[in-house]
Amino acid sequence: MRLQAALFIAACVSPAVAIYSDEVNHIDFHHALLGAPSPDSTFFLKPSSSSNASLLYTISDKSIVGAINPRDGTLIWRQDISRSGSASSAAGILRGLDGNNAVVGAAGDSISSWGAQDGKLIWENRFADGVVADLELLELEDARATSSARDTIALTGGESTGVVRRLDGDSGETKWEYKDNSGDVAFQVSSSPTEVFYISLQSAMLKGYKIKVTALDPVTGRQTHQQVLNSESDVASPESILFVGANTASPLIVWADKSHKSLKVNVIGTKQISTINIDNTSGQDIQQITVHAPHKLNSLPHFLVHYETESGAWAEVYHVDMKSSAVSKAYQLPYLQGQSAVATNNVDANVFFTRVTDSEAIVVSSASHGILGRWNVDASSTDRVLHAVAEVVTKGKTVAVRAAVLRKSGDWSLIRNGQTEWTRPEALIYAVAAAWVEDEDQEELAHELEVEGHEGLIGAYIHRVKRHLRDLQHLPEWLKELPKRIITSILTDEVSNLDSFGVAQSIIVATEKGRVYALDTGRQGAIKWGVQAEETSHWDIKSILSQPGSAVIYISDGSSVQINSSTGEVISRSAPTNNKLQSIATFEQQVGSSVIRMGSLGIQEDGTPVAPFDDITGFLVTTSNDGRVLGWVEKDNKHPVWEFVPPSGQKLIKAVSRPSHDPVASIGKVLGNRSVLYKYLNPNLVLVTAVDEKDHTAGFYLLDGVSGKVLYSTTQAGVDPTQPIASAISENWFAYSFFGDVVDESSSKGYQLVISELYESPLPNDRGPLDSAGNYSSLHSNIPLPHVVSQAYLIPEPISHMAVTQTRQGITIRQLICVLPSSNAIVGIPRHVLDPRRPVDRDPTSAEAEEGLFRYAPFLEFDGKWYLSHSRDVAGIKTVLSRPTLLESTSLIFAFGGDIFGTRATPSHAFDILGKSFSKLQLVLTVVALAAGVAFLAPMTRKKQVNMLWKAT
Amino acid sequence: MKKLPRHLHYAIPPGPPLALPAGHRLLPTISIPPSTLLPNPHVLPATTHATLTTLPSSGTDHVLTTSLTRAGTLIFHSLPAGHPESYLLDIRAGEYVFAPYRVDVAADGSVLGIWETFRGNPWDNRGAEKYVVDVAGKKRADVVVEARALGRKGFYEERAKFSLMSLAKNPMILLAIAALGLTLGMPKLMESMDPEMRAEFEQHSRSSPLTGATNSAMTGGGFDLAGWMAGTAPSPMANAEGAREGATGREAAAGSARKRG
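If you're matching them up, the sequences are chains A and B in order. Each residue of the first sequence is one higher than the one before, counting from 1 in this note's numbering. Each residue of the second sequence is one higher than the one before, counting from 1 in this note's numbering.
Any given hint could be a false lead.
Unchecked claim - Calculated pairs, DSS-like style, for lysine-lysine (alpha carbon to alpha carbon, straight line, at most 25 Å):
hint, chain 1, residue 1, chain 2, residue 2
1, B, 188, A, 951
2, A, 916, B, 169
3, A, 916, B, 153
Since the hints were made in silico from the structure, they are not lab data. Just so we're clear, the structure is a prediction, and the values are computed from it rather than from any experiment.
In isolation and in its complexed conformation, chain A is listed as follows (with noise of 0.2 Å):
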């Protein structure tokens, strides 16, 4: 088969660059990420009814359903339900039983059935008459029933309809149906062992709303009886109802008045409203009122009233009476200053309340004020807690409690008997965007070196000698430690401390809801500090820029915060300006092997930048928001000198340039023969990829930065612009990648990749119009124009973003780093693979098997050892940054986005490392060993030598 035969050869020639298992959270990191879980939508539950663990669900704010192992705070399985398609808006909807295997979501127009243990699709299905609003499973034992699968009740309201419907539990499909047609707000729906409520909200006369329960049988879906009860004075909002209580033995719907002054209570079914007065004796307004009320159909009718004041939260705690439908007040929790956030739960039939505050957890049983339990919770923290849910379990008269707790900065931590056991920072899932932290350190000994450099030979001499002299009084320090790290270095699986070759960086990650955290490379990506920078829900990132001891981040209204990059402190701000930004363009010089930055500037939308750039030689190329792509030299800031317009029909998408840091080893490609065919090496490359929408065609062009000259421009027929197209540039060669059609008899569908490299000449040992010229100008000469070799490949996937590594020397061979989103992947590709120059049908002759070149197959399969990810699961990347260490072999990759993934790519091997497979400890032993055959064998050839010099003479 073809396709074995491409596998086979792939396999063949791929070098081993694959991560060793060991290695396997120690080089890389990965944060699997959901985002904030929605209130309504998390709970315990337990998937097996035969086994008594259980297991922490939810639904994000992104529609990613998950599953965490509650006792150390991994993932067990996610989905993303939004994926297919649908714009939901709307927060997602999830819900679930104990002892049924299977967890119900919703989101947008499609609700979807999941295995609860795996999280494999039961059923999904889609309803085209609006989004759904509510969803319950039906708890009630069904006699008729064949399976023990539980049939879910879906509410979907759209512009004037309500309808109801029961699903079947195992294959999705619609059991009944009721319609509402009589233009009320489809609200929620309740079950009660009898019967399904379906709760609407209907407009009354003047203002506010009238909420209307509709019985139904379960059975059926027969209308039985409908109630409207009169709450138009109190309901402005369908926000204004705190609770519909689901799937107890009498469910409730709860709503406040509009002054917070009493509670309305309706023990759903009846027609009577039972209120309560909010006895407020905190002296501060109510903020907001919860209720909680467990879930379970066979508990206790009780249920628990949360008030939060400004400074402050009490709880008060109610009965009802099942045959009155009377509600009393059973007891108050008290009022404490400071955050409280109270969760439910119940064990058989009793329901208990785990309440905790700042200070303390407790448990407290529905019956009674007794505090059952009582732990002192470690991790007081000025984060607000948003909600919380909680499993208590029972043995005898003791009880333990674990609570889900969300802060509100994202963290969801679990605290297990006031011990926090875990933490995760759901927030970084909205990082957008990411900067590496500059060291301070090595920037005072990089101006110490400067000072040296600067002056005169004695007084550089002195200055240094002084310098080592400083020096010294780490001295002892570093001998008291000596021996610790000899002991630690042969006994620890850790061969040698990198930390020191800039492998362990800090990079600042900002997100888009105003959170600013740094991250340790070196410490598997652990939170060094997290602030609020800004109080916003959409911050609008456009760069991070980072300098010794700080990182300013750039916003499109023109303004920037400036926070200290070791502890977070916000530095400085600077107020927006007049100019919305589109992006911020820098201005870096590679020296050596670094690069400085001499500058940044903001670009407007339309493309010109904010100011002119008097003091820093240079240009700039940018794209306009009318698709144009422009050039700009220094003084002027009004008129581009030069403008490139994509071809009519065509629209911009995007435009890449090479990295700041893209050091080149060799100038030229030395074949087989020894000749050497010279890499067109221009400086400034900009690749721009336009799409045609009707046509289905791509262009790329080729520009010179300086001149706008076009260098080089191809296009690609069959291309779905919808999807991803992803392109960079590096070196001397560029790859982009397309989804590409059938357009003629001889075509292929698929992915594709396209690699393309840049000589001087066709020739090798010549360097065509340039001959032996140093340098060239881009403006008065005429330009040379690159010979171009490519090459395009089928690929199995999508490539949504590329990155190439980046080391210190570029003597590393480079990796095309590609994110695979639809295997949630990264892929790093080796470049020799990625060879144009690859013999087509016929194997390569002895040189150019010399060379490295093998026979091209037109479809390459990644490689599994090419996967910088591995068997993790990295979901939603969008950008990957990499950076070089001290060490040539290694570039630190980090990719953010969705997850969060870092790793060390070694494209050419640790070869400057030691890595674990050498064994200290087997150089000892052999060491000793040898230095016993030495102890042993000394005195044998003394006495042999002795013996020697006296018998031969």
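On the provided structure of chain A, position chain B as indicated by the hints.
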């Protein structure tokens, strides 16, 4: 009235509900049978999914995705209708590799045929036929296609394990062991020889150039490392000047002894 759910996509304006009898649902279903590479299809990760891809045209959905079900199948619930289309079907399942397929769909959204296809080959170069619609329309079988795992990606590098056997195979170690055996075994061997033979052997070995060279090296020429380590020879620094004469004298004596012998 019992109605079937409508598997319509959002992009299509809501039309009259499909009133198809239950037996006529022709949803393309891919099942993954156990194979030697994948003995238990239930080990496939939950992220396993299948995708139908084609070029976008006239507003219909051109990338359709479905997740792996608990039964180990992949079912496409909604195929856009409107005009005939030819889709590329990919199955992506973590480390398991599946072949690509070609799915042809008629204008009414029903499947015309499913074939295996080859990446990097013309689209019309169809491989093994998996399903094709019965044109006569006598029986409308369910569209069920089996997709076998073709390969498995190895993500990890194997680390060479420490073993005594590999150590013993090392030529340096073998050499050292042989040398050790010789050094320890030789005197024993010599002792077991009868005196005449030993004398002959000693004489023979003394006259051999190799032993002579060793002896001269041991007694003088250059730095005597073994001797120095054993503590019998002086350090090379001390040896440099004064000891030179004596050494040469001794060497001369040895040479005369050899002549005599």
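The hints, checked one at a time:
{"no.": "1", "hint": "188/B x 951/A", "result": "holds (19 Å)"}
{"no.": "2", "hint": "916/A x 169/B", "result": "holds (22 Å)"}
{"no.": "3", "hint": "916/A x 153/B", "result": "holds (23 Å)"}
Consistency with the previously given hints is maintained throughout, with no hint failing.
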